[in-house]
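Construct the complete structure from the given sequences, taking the supplied hints into account.
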Amino acid sequence: MGSGNVSPMAKKTILVVEDDPIILTLLEHILGREGYEIVKAGNGKEALEKAKAMPVPPDVVLSDVMLPFISGIELVAALRALDGWEKVALVMLTAKGQESDIKRAFDAGADDYLVKPFQPGELVARLRRFLR
Numbered sequence: 004m005g006s007g008n009v010s011p012m013a014k015k016t017i018l019v020v021e022d023d024p025i026i027l028t029l030l031e032h033i034l035g036r037e038g039y040e041i042v043k044a045g046n047g048k049e050a051l052e053k054a055k056a057m058p059v060p061p062d063v064v065l066s067d068v069m070l071p072f073i074s075g076i077e078l079v080a081a082l083r084a085l086d087g088w089e090k091v092a093l094v095m096l097t098a099k100g101q102e103s104d105i106k107r108a109f110d111a112g113a114d115d116y117l118v119k120p121f122q123p124g125e126l127v128a129r130l131r132r133f134l135r
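Each residue of the sequence shown is one higher than the one before, starting from 4 at the first, in this note's numbering.
Some hints here could point you the wrong way.
[Stated by the list, open to error] 25 Å max Cα-Cα, derived DSS-like pairs, lysine-lysine:
no.	residue 1	residue 2
1	Lys55	Lys90
2	Lys43	Lys119
3	Lys55	Lys14
4	Lys15	Lys53
5	Lys43	Lys99
6	Lys48	Lys119
Everything labelled a hint here was simulated from the structure, so no lab data went into it. Treat the numbers as computed from the prediction; the structure is a model and nothing was measured.
Okay, structure coming up:
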């Protein structure tokens with residue numbers, strides 16, 4: 004008998020934060036096809052509320068940078084401050100590809116940064132690194 008109480012087949016959870024409903028649907032399709040459980044939020048405020056209400060943190064947060072109410076950069080900093088969220092992988096997915104934007108995201112605590120438009124295979128491969 005194994006001593007762990009988490010099944011190796013347990014679904015990995017990804018909190019997806021995206022205000023564009025078309026991109027959100029696309030991400031849900033891509034990630035759902037890979038077998039991940041998706042929790043969706045349409046803006047930074049909703050994402051923070053959902054994050055605080057989750058019984059356990061997700062495995063990954065995939066967030067846009069330009070979001071209504073709370074930006075993706077502010078969201079990353081707020082999530083990093085939550086108890087138990089220190090090891091959650093925070094991945095930014097954004098149209099903002101300037102070096103200064105990327106630096107701000109990493110300084111706030113992001114683990115990776117992917118610029119739109121993105122290739123679905125690259126997105127899945129990058130996320131897989133954090134979901135082992």
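Now the hints, each set against the structure:
no.: 1; hint: Lys55 / Lys90; verdict: holds, 15 Å
no.: 2; hint: Lys43 / Lys119; verdict: holds, 19 Å
no.: 3; hint: Lys55 / Lys14; verdict: holds, 20 Å
no.: 4; hint: Lys15 / Lys53; verdict: holds, 17 Å
no.: 5; hint: Lys43 / Lys99; verdict: holds, 21 Å
no.: 6; hint: Lys48 / Lys119; verdict: holds, 22 Å
Every hint from the earlier list agrees with this structure, and none is contradicted.
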